[in-house]
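Asks: Next come the chains, spelled out residue by residue.
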Amino acid sequence: MDEIKKLKVRELLQYTGELIVMRDAGHQRLLELVSENSKLPVDLNEKIVFYAGPANPPKNSKIGVIGPTTSERMDKYLEMIFKLGVLATVGKGKRSDLAVKLCVKYKRVYFITPSGAAAYLSKCVKDIKVLAFPELGPEAIYNISVKDFPLMVAIDTNGNQIF
Amino acid sequence: MIHKREILEKLSNHLLKINETINPEVKAYIDGYVGPFSQALKENYKIAEAEKLPLCQDTGIVEFFVFLGNEVRLEEPIFSTLNEVVEKVYTENPFRFSLVSDPLFERKNTKNNIPAVVHIFQISGKSLEIKFLVKGGGSENLSALFMLKPSINVQELKDLIIGHVKENGAKGCPPLHVGIGIGGTSDKAMVLSKLALTKSFKERNQNPVYADFEEELLKDLNTLKIGFQGLKEGASIFSVHVEYAPTHVATLPVGVSLDCYLCRKGVVKFEDG
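Protein sequence lines correspond, in order, to chains A and B. If you read the first sequence in our numbering, its first letter stands for residue 3, the second for the next number, and so on. If you read the second sequence in our numbering, its first letter stands for residue 60, the second for the next number, and so on.
No wet-lab data here; the hints were simulated from the structure. Do not rely on the hints blindly, as some may be mistaken.
Unchecked claim - Far from chain A, by Cβ distances over 12 Å, these chain B residues were calculated: (1) V93; (2) T150; (3) A175; (4) G197; (5) P305.
What the hints assert, rightly or not - Straight-line alpha carbon distances no greater than 16 Å define the calculated EDC-like cross-link-like pairs of lysine to aspartate or glutamate that follow: (6) A:K64 - B:E108; (7) B:K258 - B:D246; (8) A:K125 - B:E108; (9) B:K76 - B:E110; (10) B:K170 - A:E137; (11) A:K61 - B:E110; (12) B:K167 - A:D129; (13) B:K167 - A:E137; (14) A:K149 - A:D129; (15) A:K125 - B:E151; (16) B:K86 - B:E68; (17) A:K61 - B:E273.
Each residue gets a CB set at the ideal place from its N, CA and C atoms; glycine is no exception.
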């Protein structure tokens, strides 16, 4: 948490650890469960959410190519996931003013990772497993373990942003 | 007769290739780019080609533009063959199924990336030419239609297009290819804007007035300094292409389509007899 606050906009880092992969449909399902006060199938506390949907894996591998999707589409779910304990999000492109305000309010950051570089990024993925909603295919919620995953701080906790 | 097998083979190979192999016109820009993430972009196309992986996880919705000669005989309707091509390529390779059947309620994945979007234009003669785009959702979401007054002047139209790209460009994986469709009806203008994206970067409109419009717009758009990945470094716009058609006296429809930096597109041609 303290490390997140130290990050400054445009800072580049190589992240090794876990990411929760989730995009439009996964967020929508969580929102429905949250509004019904139902138990969630994933624990997002202190996690980093990566807005992505992997491609099908090649034969003899379980890791398909993966890369960021447009983050702005997920802005309406951002406060929900921050309240669930998410520390940071990863995606591509500019986000809404609301997203910037939420990063300041909750002291969270937004990272970007290269888009259109999915073959390269998949080489940083060491393991993948489905956490929830497998019926959604590429839109299911996954956990991935990554090594030296390239990130750039696009919005820092003071609301400074690249775009 | 152009046999279905011939179309399946040639088109499947080409559709596979453009998902895995960098567009040569784009490669030159990537190789010259030195800004943030440049190493990842360079490594990406090398890994994709060497390991037969798609360049992008969003292997898109495939959009076909079919120019079908009136003397061409086919074994089945062309859209059936085209869907078979897409299903085969996308289920046999490590691509993504990005299509949902019902767009509003269930949004259930079709699990084969079909149906493709097919536009058929009848031409005279014995040839069949199929142009296609592999269109990702991120850039597709930035499409726009402007229904303008015929009294609008050229500068006002340019400002409108520049304003749209300035506001949205960074979300579409720039540098971008910009396709503009002018005239026809609302739907025709959008199709023309997509067709414009099938052109190679150096091509210019055969009408010199429209060619100048393309050049000027390219120059103006590149002053926006959007850059690779929207990070303000490197090229912003690869090229601008305009397709136009006659329109109603009371209308001026303008469609704008943007393609991401990978510009995955192709063309195949067949002859009957």
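Asks: Hint check: B:K170 vs A:E137, CA-CA at most 16 Å. Holds or violated?
Replies: 11 Å, holds
Asks: Can the restraint linking B:K86 and B:E68 be considered satisfied, given a maximum Cα separation of 16 Å?
Replies: 26 Å, violated
Asks: Within 16 Å, alpha carbon to alpha carbon, are B:K167 and A:E137?
Replies: Holds: B:K167 and A:E137 sit about 9 Å apart, inside 16 Å.
Asks: Hinted pair, alpha-carbon criterion (16 Å max): B:K258, B:D246. Please report holds or violated.
Replies: 20 Å, violated
Asks: Given the hinted pair B:K76 and B:E110, is their alpha-carbon gap at most 16 Å?
Replies: Distance ~12 Å between B:K76 and B:E110 Cα, so the pair holds.
Asks: Can we trust that B:G197 is non-interface, i.e. its beta-carbon lies farther than 12 Å from all of chain A?
Replies: Non-interface label fails for B:G197: nearest chain A Cβ at 5 Å, not farther than 12 Å.
Asks: Would the hint linking A:K64 and B:E108 be met if the CA-CA limit is 16 Å?
Replies: 19 Å, violated
Asks: So is B:A175 really clear of chain A, every C-beta pair being over 12 Å apart?
Replies: 18 Å, holds
Asks: Hey, does B:P305 actually stay past 12 Å from chain A on C-beta?
Replies: Per Cβ check, B:P305 is outside 12 Å of chain A; nearest 36 Å; holds.
Asks: Just checking, B:T150 versus chain A, shortest CB gap more than 12 Å?
Replies: With a cut-off of 12 Å, B:T150 comes too close to chain A, as the shortest Cβ separation is near 8 Å.
Asks: Below or equal to 16 Å on CA atoms is what counts here, so check A:K125 against B:E108.
Replies: Holds: A:K125 and B:E108 sit about 14 Å apart, inside 16 Å.
Asks: Given the hinted pair A:K125 and B:E151, is their Cα-Cα distance within 16 Å?
Replies: At roughly 21 Å apart (the allowed maximum being 16 Å), B:E151 and A:K125 break the hint.
Of the numbered hints listed earlier, those contradicted by the structure are 2, 4, 6, 7, 12, 15, 16, 17.
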